[in-house]
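Chemist: This is what each chain is made of:
2 protein chains.
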Amino acid sequence: MTTADLSALLNREQADAELFDLLRIPSVSADPTRRAEMGQAAEFLRAKLSGLGFSARVDATAGHPVVYAEHLKAPGKPTVLIYGHYDVQPEAPLEEWVTPPFEPTVRNGRIYARGSTDDKGQAYAHVKGAELLLAQGELPVNVKFLLEGEEEIGSPNLEAYLREHEAELKADVIVISDGSRFAPEIPTITYGVRGLSYVEIHVQGANRDLHSGSYGGAAPNPINALAEIIAKLKDDQGRVTIPGFYDGIDELTEEERGMWSSLPHSDDEFAASIGVPALPGEAGYSTLERLWGRPTLDVNGIWGGYQGEGSKTVIAAKAGAKVSMRLVPGQDPERITQLITDYVPTIAPAGVTAKVVPHHGGRPFKFDLNSPYNQAANRALKRVYGREAVFARTGGSIPIVAAFADILRAPVLFVDMGLNEDAPHSPNESFAVQDYHNGILTSAYLLQELGQ
Amino acid sequence: MTTADLSALLNREQADAELFDLLRIPSVSADPTRRAEMGQAAEFLRAKLSGLGFSARVDATAGHPVVYAEHLKAPGKPTVLIYGHYDVQPEAPLEEWVTPPFEPTVRNGRIYARGSTDDKGQAYAHVKGAELLLAQGELPVNVKFLLEGEEEIGSPNLEAYLREHEAELKADVIVISDGSRFAPEIPTITYGVRGLSYVEIHVQGANRDLHSGSYGGAAPNPINALAEIIAKLKDDQGRVTIPGFYDGIDELTEEERGMWSSLPHSDDEFAASIGVPALPGEAGYSTLERLWGRPTLDVNGIWGGYQGEGSKTVIAAKAGAKVSMRLVPGQDPERITQLITDYVPTIAPAGVTAKVVPHHGGRPFKFDLNSPYNQAANRALKRVYGREAVFARTGGSIPIVAAFADILRAPVLFVDMGLNEDAPHSPNESFAVQDYHNGILTSAYLLQELGQ
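As given, the protein sequences belong to chains A and B, one line each in that order. Numbered continuously in the UniProt record's numbering, the first sequence closes out at residue 452. Numbered continuously in the UniProt record's numbering, the second sequence closes out at residue 452.
Misleading hints may appear alongside valid ones.
For identical chains, the list gives no copy identity; a pair is met inside one copy or between any two copies.
[As the list claims (entries may be wrong)] Computed cross-link-like contacts, DSBU-like style, restricted to lysine-lysine with a CA-CA straight-line distance of at most 35 Å:
id, residue 1, residue 2
1, Lys-355, Lys-170
2, Lys-366, Lys-312
3, Lys-318, Lys-366
4, Lys-318, Lys-48
5, Lys-312, Lys-170
6, Lys-382, Lys-355
7, Lys-77, Lys-355
8, Lys-48, Lys-232
9, Lys-312, Lys-355
10, Lys-318, Lys-77
11, Lys-232, Lys-355
12, Lys-170, Lys-382
13, Lys-318, Lys-73
14, Lys-318, Lys-355
15, Lys-170, Lys-366
16, Lys-232, Lys-77
17, Lys-318, Lys-232
18, Lys-312, Lys-77
19, Lys-73, Lys-355
20, Lys-312, Lys-232
Worth flagging that the hints you see were computed from the coordinates, not collected in a lab. Computed from a predicted structure; not experimentally measured.
The shape of chain A in the complex, shown without the other chains (with noise of 0.2 Å):
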């Protein structure tokens, strides 16, 4: 089957009428008072994909439910899990939307709706792939669809559904699309994400908050203490000094360097996207690199002493700050939670306690840049894009990855559908027509790639 043959035989204007019906379905997770709603998305895709063909079921949770969907009928052949959700984010702030949010609408090749593109759009367009697909014979692989209504507040009882469901759920692979491609003309598989260790530093001066005049220039300030801290743990080549926080990392190869340093990229356009006049960070290493395969420290969070209007002086009792670590492969978050925890009590200055209190975390994970899942990958992609696919990574850490790690033991393959500028979580969502309608060719390719 070539490429002119499926895309030739998709009907458009039906796969928008459909996709357009889960649209207008206001299924926000978040928001208690629409369980219904959140019921009705989950059946209109169980019935579509029953329709298809697929043994299909509802399955509740101590939350939202599951949409569980197989259609195993090709004996030797892989199975591949598709992985998607449901849910949208929350709708506010509504005055700010164009058009109402659960009214899709078509502006300049644009579908503007709440979960056009985050996840609804691009889980769907697996969900016409596989129909595509049907409509001229059978699936060139065994095909699972998992497709939960959790993944916006933090997919809290997706962990043990995995386990409930381990057996049934087994793959080979577990294709997910629910992110962005890093440019409109370029295909883009990522294949690794950040970990994160998130942990506070607390710091404790005198046992009462003290008056500056009376005591200014002999109580210890924990606040004067907390910023000598936080500038400590970087160095002026904006590496971080906690001792052993590099070890063992997997160094960029020169394969993904030269990679990543040939794709269509701007640190000034980067800049001025976020209004910024230079992008500092880690020497030695590119933007691109920064942000997808080193490790990081960001304060989120600070507070201490006066924060209102007008001045008061006063010398805080103590100080506190909230603090992320990104982590790359090769760095274990409950380590480098252990590092900066026996690190920063000794950065202390005189007259202070530091301490660390760790919050939570999330593993580092790279998959094989040529495993014959990307390889497949990367020709359903250029059989729709007519290029190669980029391979990336996200700075982000994705929670789920280490579920499925850990639970179902299967390489997860992130194929995007959507882009940056479709404006995910914000007002305004939207998913290009053109982007859809190309992900179900992505969809129906890679199954028949897969297949090979």
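Given the coordinates of chain A, work out where chain B should sit on it, guided by the hints.
Modeler: Chain B only, in chain A's frame:
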């Protein structure tokens, strides 16, 4: 007249009873429901001074009234303006008072009541001191009383009052008793106050909050940057690094350093009293030198990013801090504010912009240790305590000193009667009965000595 004379002539029971009547009036200037009580306290003092032969009146202001009284029957003798205040701090939290704040009670030789030491007790001691002298004849100097009702809310109308009554208030020296002696047995003359420059530092990163996964490693982090800026404002010797900060400072004299080093001060006890393991500060100076005679830089408040429960992986768009610098004679608050305003942007790390927003300032003051006024006070205190006074400075800033210096152009003589343990501004404020009585004698002897 000898020490024994006046001490024997003081009717202590009567003095206590009168002060208790004044303390029973809940003259809380911050409480708008107590305007009547404010007027009542002012009238109490006016009537008392009038009864002593002073020409006394209650002057309305835009806020609470001023009690002004004068007794000018010593031609050719100096004129002494005694400043005090009859307003008190709010009594909250009421439940922490052992006995009610406006029912003065003596326990273990201490008068417990709101305002007992701050400042009704100390101000009224001067009234009683004048009475004691008047019982023997005329006052040895010309005496003016200026008793305001807004000290605890920042004296918002005092400057206007001083300007309006500049000629009338003219004096050779201004006596203030509104603070603490160094230690119970030690008479203390405070001859210097620190000044203040209070600013905010604002740091701006990107034009919006960013996701720390997607942007961490490339986007500038204004909280990290603020911490770096703050850390750079002092060196590892505890010295402020702002260029020119120490220029022109009146260095501590050998006389002052010698005087203070002989005071009964223990760093260990001081550290223990505020619960800290060390007293960091500028290298090369003792704790008392750092508190009284050296400038400081303390962050009084800091904020930025996410301060709530749990975690949020955000790179904030902005961060800020409130910073105060206590200043010593030779430092001009406006110049210091300009120096930090110029300096901070130059030490901001790449990618962020930092600016300083001035708040307010206050001038440092130091009065001549060997002035005739200080010598007279020392002689008076020696007659009460049987030992020389300690010449101390205070680390705090007393804004009214500048108003007195600028408008009345007279030196200020601080003759403190209280102790730190009096706990002004706290529940269970108290004033030792002995300190009250000594204060009355001090006041009387001071007027005598100033008349020599």
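Chemist: With reference to the structure, classify each hint as holding or not holding.
Modeler: Status of each hint after checking the structure:
{"no.": "1", "hint": "Lys-355 <-> Lys-170", "in the structure": "neither (43 Å within a copy, 57 Å between copies)"}
{"no.": "2", "hint": "Lys-366 <-> Lys-312", "in the structure": "between (50 Å within a copy, 24 Å between copies)"}
{"no.": "3", "hint": "Lys-318 <-> Lys-366", "in the structure": "between (40 Å within a copy, 33 Å between copies)"}
{"no.": "4", "hint": "Lys-318 <-> Lys-48", "in the structure": "neither (57 Å within a copy, 47 Å between copies)"}
{"no.": "5", "hint": "Lys-312 <-> Lys-170", "in the structure": "between (61 Å within a copy, 33 Å between copies)"}
{"no.": "6", "hint": "Lys-382 <-> Lys-355", "in the structure": "neither (52 Å within a copy, 51 Å between copies)"}
{"no.": "7", "hint": "Lys-77 <-> Lys-355", "in the structure": "neither (53 Å within a copy, 64 Å between copies)"}
{"no.": "8", "hint": "Lys-48 <-> Lys-232", "in the structure": "neither (57 Å within a copy, 62 Å between copies)"}
{"no.": "9", "hint": "Lys-312 <-> Lys-355", "in the structure": "both (26 Å within a copy, 20 Å between copies)"}
{"no.": "10", "hint": "Lys-318 <-> Lys-77", "in the structure": "neither (61 Å within a copy, 54 Å between copies)"}
{"no.": "11", "hint": "Lys-232 <-> Lys-355", "in the structure": "both (15 Å within a copy, 22 Å between copies)"}
{"no.": "12", "hint": "Lys-170 <-> Lys-382", "in the structure": "within (28 Å within a copy, 93 Å between copies)"}
{"no.": "13", "hint": "Lys-318 <-> Lys-73", "in the structure": "neither (63 Å within a copy, 56 Å between copies)"}
{"no.": "14", "hint": "Lys-318 <-> Lys-355", "in the structure": "both (12 Å within a copy, 25 Å between copies)"}
{"no.": "15", "hint": "Lys-170 <-> Lys-366", "in the structure": "within (20 Å within a copy, 81 Å between copies)"}
{"no.": "16", "hint": "Lys-232 <-> Lys-77", "in the structure": "neither (54 Å within a copy, 63 Å between copies)"}
{"no.": "17", "hint": "Lys-318 <-> Lys-232", "in the structure": "both (19 Å within a copy, 20 Å between copies)"}
{"no.": "18", "hint": "Lys-312 <-> Lys-77", "in the structure": "neither (71 Å within a copy, 42 Å between copies)"}
{"no.": "19", "hint": "Lys-73 <-> Lys-355", "in the structure": "neither (57 Å within a copy, 67 Å between copies)"}
{"no.": "20", "hint": "Lys-312 <-> Lys-232", "in the structure": "both (28 Å within a copy, 23 Å between copies)"}
Taken one by one, the earlier hints fail for this structure at numbers 1, 4, 6, 7, 8, 10, 13, 16, 18 and 19, listed in ascending order.
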